[in-house]
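There are 2 protein chains.
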Amino acid sequence: MKPFFTLEAVDPETGARAGRLHTDHGEVLTPVFMPVGTQAAVKTLTAEQLEALDAQIILANTYHLYLRPGAARVEAAGGVHGLAAWRRALLSDSGGYQFYSLRELSTVSEEGVGFRSHLDGSKHFLSPEAVIDIEAALGADIVMPLDECLPYPSEPAAAAAAAARTARWARRCRDQRGPVFRHHAHRQFLFGIVQGASYEVLRRESVAAIAELDLPGYAIGGLAVGEPKSQLLDLTGLCTSLLPADRPRYLMGVGFPEDLLRCVALGVDMFDCVMPTRNARKGTLFTRAGRLVVKNAAYAGDAAPPDPGCLCPCCRRYSRAYLRHLIQAGEPTGMTLATLHNLYFYLDLMRAARSAILDGRYGAWLRAFFTDYAMATD
Amino acid sequence: MKPFFTLEAVDPETGARAGRLHTDHGEVLTPVFMPVGTQAAVKTLTAEQLEALDAQIILANTYHLYLRPGAARVEAAGGVHGLAAWRRALLSDSGGYQFYSLRELSTVSEEGVGFRSHLDGSKHFLSPEAVIDIEAALGADIVMPLDECLPYPSEPAAAAAAAARTARWARRCRDQRGPVFRHHAHRQFLFGIVQGASYEVLRRESVAAIAELDLPGYAIGGLAVGEPKSQLLDLTGLCTSLLPADRPRYLMGVGFPEDLLRCVALGVDMFDCVMPTRNARKGTLFTRAGRLVVKNAAYAGDAAPPDPGCLCPCCRRYSRAYLRHLIQAGEPTGMTLATLHNLYFYLDLMRAARSAILDGRYGAWLRAFFTDYAMATD
Chain R
1 MKPFFTLEAV DPETGARAGR LHTDHGEVLT PVFMPVGTQA AVKTLTAEQL EALDAQIILA
61 NTYHLYLRPG AARVEAAGGV HGLAAWRRAL LSDSGGYQFY SLRELSTVSE EGVGFRSHLD
121 GSKHFLSPEA VIDIEAALGA DIVMPLDECL PYPSEPAAAA AAAARTARWA RRCRDQRGPV
181 FRHHAHRQFL FGIVQGASYE VLRRESVAAI AELDLPGYAI GGLAVGEPKS QLLDLTGLCT
241 SLLPADRPRY LMGVGFPEDL LRCVALGVDM FDCVMPTRNA RKGTLFTRAG RLVVKNAAYA
301 GDAAPPDPGC LCPCCRRYSR AYLRHLIQAG EPTGMTLATL HNLYFYLDLM RAARSAILDG
361 RYGAWLRAFF TDYAMATD
Chain C
1 MKPFFTLEAV DPETGARAGR LHTDHGEVLT PVFMPVGTQA AVKTLTAEQL EALDAQIILA
61 NTYHLYLRPG AARVEAAGGV HGLAAWRRAL LSDSGGYQFY SLRELSTVSE EGVGFRSHLD
121 GSKHFLSPEA VIDIEAALGA DIVMPLDECL PYPSEPAAAA AAAARTARWA RRCRDQRGPV
181 FRHHAHRQFL FGIVQGASYE VLRRESVAAI AELDLPGYAI GGLAVGEPKS QLLDLTGLCT
241 SLLPADRPRY LMGVGFPEDL LRCVALGVDM FDCVMPTRNA RKGTLFTRAG RLVVKNAAYA
301 GDAAPPDPGC LCPCCRRYSR AYLRHLIQAG EPTGMTLATL HNLYFYLDLM RAARSAILDG
361 RYGAWLRAFF TDYAMATD
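The listed protein sequences correspond, in order, to chains R and C.
Counting with the numbering used here, you get residues 1 to 378 for the letters of the first sequence.
Counting with the numbering used here, you get residues 1 to 378 for the letters of the second sequence.
Honestly, the hints are just simulated from the structure, not real lab data.
The structure presented is a predicted model; accordingly, all values stated were derived computationally and were not measured.
Please note that the accuracy of each hint is not assured.
Since copy identity is lost for identical chains, a pair holds within one copy or between any two.
What the hints assert, rightly or not - Using 20 Å as the maximum straight-line C-alpha spacing, the simulated SDA-like pairs for lysine to any residue come out as follows:
(1) 282 / 330
(2) 282 / 302
(3) 282 / 332
(4) 295 / 64
(5) 295 / 73
(6) 295 / 119
(7) 282 / 68
(8) 295 / 76
(9) 123 / 111
(10) 295 / 70
(11) 295 / 120
(12) 295 / 85
Please model the entire structure based on the sequences and the hints provided.
What follows is the structure, given as structure tokens:
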């Protein structure tokens, strides 16, 4: 059988990688950005629109789908693929991040996480094993184990305990159904998640403990939670230097376009973030010149497309003036058009990065990108 | 030059008509349903999606666009066609209906309408002539004159005064730029609007006064404001029997699918209504079996498409269970999919009606439709 991951090229100057994930719902060319479809839909878009953008993999969230419509409903519909009529690859987040962001509603113990639903206040308890069973029902091609993510900053002792627990939970998740399992008609691949907060020594220990589980891929979690940008980059680089080269690396929840490109140079293969979709709905577009707050009055008479020269479905047809009007007027169509642009921008950035890596010129390509691009401040 | 309207067939049994409107933004095959794009967008859809549904004409609203983004902005963008990158036909409603539905904010006098903006409370005054100038700036292919619409029920004296004023305003609108004018690079056709509330005698007088203006088309206004369904049908039939056969007839703001089909049988050619789009966003779908409240819990496990056999972009791919989940979860994608279905249903109903009329079998087709269709109660 074909291995799950093929490493195709490593850029000689930077160490950036190009590869392929082989899932039973198609190949995913890396580096890749994965649009976030929390509730089994990428907000404002249809599956046809995601296909037209050539999104090869999207995310769904275990916590949200467990609460609504419920794992049994999703399972009966044929998993998220069946429910949402999504035919390409899918990754399910475990809910670990939701227990962090909704931590006033949850209590972590060695057994698992007790929490109240943010929807109706109902009480629930999920063990690492139960999370894997739910994710088996959801049927994503890539499955994340339950982890414990801490806020920034965290005390060393708390960070060490959470990282060690994350490793024990990862082993329990693996032991529940194995590193690769089949609940619907296709294979599901379990990843491990590295934690360790902002501490190098904990990150080293976490990589060692997680890598020992010999999983199909590894994620770097617990970053982009408020730490300085330099620390995000340093810790990401540390983790990728320690993780096995023959497995894909997924940096969770990052981030701005410039962050993705720098982390690609550090050897990251996979990314997800709500940034392009959430910003789109508020009227902020990512362009090759930097961020464009298209809802600003300055664009009310601007006939140019949001990003001149961009080939996305939004820029090929519509003007800044129209987007500004729609966002200003609260028209849902404005959110859709801005989401189409932002996701195209992220996806195309990864396609261009991959092409540069395959040509062995990622460093030069990256420097050229930063010549035009006005970065967000940290 | 080709006439604006070609009457192609009249059904021998019912009097239903098939025809074509020849605009400089393409032909419109009648009978036709016109999706409502109040603020220069059909809510939740892109222009590409409307084109895929084969919508040949959409509506925009003068009152809303005058307030936001403003007539000068729209004019500078090349009219609504330029602003919204809409290449097909367009009709602009005059705002008369908004002055009716927001009547606590407006004061009607012979000179025109004074009103406060529903957005910021600012004071405005629009004469019939000013409305035409704004509509010239908006650039719709079909232009509605300022009219006075009354609530149901209305006293005979008030209804007579409003109908007479509507006729005087229609003349002032025609005299401002003529029945056909050109402000952008294409022709704009002015319609007249028949009023007269629920009084037959007033409707007769109104038709006579408006038809005398020799306009490219005529609308029936002031209905679907709360009167009994039988009255809607009787008054519509009265108006169409009196209006000239060689001009298109547009019944404003109607309605349920069954209303459209009965009014087609009465000789109406054009319809608009927010019903399919507004209901979609709330999770109610129109199907060949009647209305489907897809947000109901009964559909949470239903793998069937909303309307089995329907060829719309929603029914070809997605299930009732998915739509129910999306609407329940407040996902914008659910509103988009439901809107795609409902508009397809309305547009396709008119296409099927047209085909039956051209074949001289509209009566039989209509009876077959009602065999399957569970009607809404009045």
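Consistency of the hints with the structure:
1. 282 / 330: Answer is both: 10 Å inside a copy and 17 Å across each meet the 20 Å cutoff.
2. 282 / 302: For residue 282 and residue 302, only the intra-copy Cα distance (19 Å) is at most 20 Å; the inter-copy one is 34 Å.
3. 282 / 332: both (11 Å within a copy, 14 Å between copies)
4. 295 / 64: So residue 295 and residue 64 pass the 20 Å test across copies only (18 Å; inside, 30 Å).
5. 295 / 73: Between copies only: 15 Å across chains, 39 Å inside a chain, cut-off 20 Å.
6. 295 / 119: between (31 Å within a copy, 17 Å between copies)
7. 282 / 68: between (25 Å within a copy, 18 Å between copies)
8. 295 / 76: Close across copies (18 Å), not inside one copy (42 Å); limit 20 Å.
9. 123 / 111: within (16 Å within a copy, 64 Å between copies)
10. 295 / 70: Intra 37 Å, inter 16 Å, cutoff 20 Å: inter-copy only.
11. 295 / 120: Between copies, since 18 Å is at most 20 Å while 34 Å is not.
12. 295 / 85: Classified as between; 18 Å across copies, 33 Å inside a copy.
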